[in-house]
Amino acid sequence: MIELKNISKGFNGRSILSNVSTSFEKGHVNLVIGGSGSGKTVMMKCMVGLVEVDSGEIIYDGKQFSGLSRKERKPFRQEIGMVFQGGALFDSLNVEQNVMFPLSMFTNQTLEEKLERVNFCLRRVNLVNSNKLSPSELSGGMKKRVAIARAIATKPDYLFCDEPNSGLDPRTSIVIDNLLKEITEEYNITTIMNTHDMNSVLEVGDKILFLHQGKKWWEGTVEDILRTENQELNDFIFASKLAKGIKKH
Amino acid sequence: MKEMFTRPEKYSLYWKQFIRELNNFGWGSLGIVALTSVFMGAVITIQTIYNLVNPLVPMTAVGIVARDSIILEFSPTMMSLVLAGKIGSSIASEIGTMRVSEQIDALEIMGINSSAYLVLPKIFAAIFIFPFVVIISMFLGIFGGWVAGTAAGVISSTDYIMGIQDSFVPFNITFAIIKTLTFAYLITTVSAYQGYYTGGGALEVGQSSTNAVVYSSILILIFDYVLTQLILT
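Line by line, the protein sequences give chains A and B.
Counting along the first sequence from 1, when you hit position 191 you're at 191 in this note's numbering, and nothing is skipped either side.
For any residue, its number in this note's numbering is found by taking its place in the second sequence, counting from 1, and adding 1000.
Think of the hints as simulated: they come from the structure by calculation, not from any bench.
All the given hints hold, so there is nothing to weed out.
In silico BS3-like pairs for lysine-lysine, Cα to Cα no more than 25 Å straight-line:
(1) LYS26/A x LYS181/A
(2) LYS132/A x LYS1016/B
(3) LYS74/A x LYS26/A
(4) LYS1010/B x LYS114/A
(5) LYS26/A x LYS215/A
(6) LYS1016/B x LYS71/A
(7) LYS114/A x LYS155/A
(8) LYS1010/B x LYS155/A
(9) LYS155/A x LYS45/A
(10) LYS114/A x LYS74/A
(11) LYS1010/B x LYS74/A
(12) LYS181/A x LYS216/A
(13) LYS1010/B x LYS71/A
(14) LYS207/A x LYS45/A
(15) LYS1016/B x LYS74/A
(16) LYS1010/B x LYS132/A
(17) LYS1016/B x LYS114/A
Label pairs and their calculated CB-CB ranges:
(18) LYS155/A x ARG1020/B: 27 to 33 Å
(19) GLY1200/B x GLY67/A: 28 to 34 Å
(20) GLU229/A x ARG1007/B: 55 to 61 Å
(21) GLY1200/B x ASN234/A: 30 to 36 Å
(22) ARG1007/B x SER15/A: 34 to 40 Å
(23) ASN119/A x TRP1015/B: 21 to 27 Å
(24) ILE1177/B x LEU50/A: 40 to 46 Å
(25) PHE120/A x LYS1010/B: 18 to 24 Å
(26) ILE1222/B x GLU72/A: 38 to 44 Å
(27) ILE1222/B x THR107/A: 43 to 49 Å
(28) ILE1161/B x SER92/A: 42 to 48 Å
Cβ coordinates follow ideal geometry from the N, Cα and C atoms, glycine included.
In isolation and in its complexed conformation, chain B is listed as follows (with noise of 0.2 Å):
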């Protein structure tokens, strides 16, 4: 870790690798952050107006549940989950078979710090744009239960649209962010050093991507409980 925030041999290269994550880790993730949005919105949407039996309980609230249901925990955890999916095995994959088709090596017989060079762009990039696709898997999530609400008949575009509104509390969104933040940390470290610490063949980056990812997605629901707990309450 320390070895890893030292100074870049040339800022140039490293930023030419920070934008090629950002491509990778934000238009790439994008197909499947849209799907997953848009159907779990879907989803929280129905099955909210499913339970709400109780006829004095105004059909407002089923938008006040999914926007909160959405901003609070399926978009930043949920969506941090699938990222960890796909990203952490990617990051994972991607230098293990590095480091087994001595990549990493050659890097460091040029003295390039590899670990610096490989990771920390990954780790700034992730920093840098997952809130962006947390926060477009927010809007998505809502316009998806807005979509599967009316279009079913199950409450009206006004219903869900005032509910959305009422009683909105900004700071949700902020801490949704810092959880996201800390999501990315999580998942971009943990996979960086399952894949640069793999020894071995093949077989080994196969396991490497799998420990990130189930590492990854272990921390991040222990760090959903213990942020919830030490910011909310």
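Next comes chain A alone, as it looks inside the complex (with noise of 0.2 Å):
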């Protein structure tokens, strides 16, 4: 579990969080909504440690992870992986090198090991004889679920996915959304994931949460978001006619 407890976060005089709390379940995929500009990437970012709060705790399974240093960090880091909004593969890296890099990197496995971990974690997300395929050769689809291969290749307990929908079609998006539920359920991991979709909304959420102007504006699960009166978050998710429709039934 992540307890985020009264996160704040300004740049140059202008606040993007503003005493923000809440919790993060364990074995869920836990989702933060809201609009652009709304805080959600800084909020994942002051989570990871890219970015220090101003201000309040963040806490990983009861261990304070907020101002730490670098090599305090280092224990947690292992512990996190993350799917960035375009991938972040590193290019100068083949499909195969991309996912073996954090187990090259942090354990001593034989070749042999690393390359059946590299295996299992691809053919996990679906995506078989493509280890050769440099980055530059796959689709966006297929760059987000090599991804998810490096992000979960060290067995973490925590995942953060930062628009992982974002560039894709409706079908691809949807096979992200049940990927990453599964792979959530499968290891019991903290996932977190920000997104703008929809369809993530109904379809995976297990807990929501809606940032406006940088607060915590509502929380609940989808069954309270059908129901909900907040205008803030029903202009938001109800914003096509469609949207509507749906909510009215």
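Work from the hints to combine the two standalone chains into their complex.
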């Protein structure tokens, strides 16, 4: 479980996150939703330590994470996997080398053991016979799947996904969503996903946190969303006529 | 800088990076270095002969002038300027692209010291390989002068070869290597800095790349003067 206690962050005197408190449960897909500029990405970067919070606490399974030095955070790092918006695959490495990279860096496994794990992870994300392809040869959906395979290679306890569906067609988005859901439940990971995608909200979200103007505006489950009277949340989620129709029924 | 010089997470991966950079910086630069060196050596020789109007000055002076110009200035400084253009822009754009495409963030998330992993092997590779490149450039420059002078029939092969052997000062090579090592450090650190702190997108990567070449070149010229003043006077 990851707990956030009153975290705030600003840049150049402008507040981006303001007193956000919440918790993300293990074995669940926790979604963070909100419009562009609502502070989702900054919150995720604070949670993984890429950006330091101005105030507040971030706690991983009872252990303090915020305020630690790079060295002190090292044990946490190897428990964290992250899927970036664009995949962030290393251009100079092929698919196999990308997935193997964290294993080579942090384990003393033999090449055979590493290859076995790489092939397992690639099979898990439904990517076979792609080991020798370079990132430039992959489609958007394949890049995301390689990024997921890399993120789970070291068997992390916490998986962060920053808009994993952006730029993907609806069908591929659903594939990625379901994959993340399955992996979360299978390995009992704490998954936190930033998304704009309403299919994700309705399909895979166990818990949903809605950020608005850098503040926690609402949190609850999919069932709660369908019943909520929160104006900003309804405007965000049910923006289209089709979505409004779904809400009515 | 302090963060960069920390203990590597895994020596074998840093070593792999070091070998990759050696190949990029050494083998990858050889073509442009060879071409530039041969032609510059040729031009230096022809121009020296053209300016040598006093019949009392022996033709062996052409070899001496070509050799010293190439060893003292042309190979270490001019080649470093060429390498600043080729390698400096490549380092800045590679690291800059990694920054804007979140690859550096991905390294940090994994707990890897990204500045050390990306920059340190480049610095060591440049410091190791640049002296060899510059020594090759010296040989090719002097060879280019010999080819141009003898092919044009303006100097005999004997005069040129006697000239390049006459009053040779071995310390000049040491001085050239000292300059080269300094320039190698400047090119890699300045370019890596420009790339690492790139913000924005493709446009900023281009700007970082340009800045890397411009700042490296300016620093090379300044340090060329400072080192010459300190060591040769």
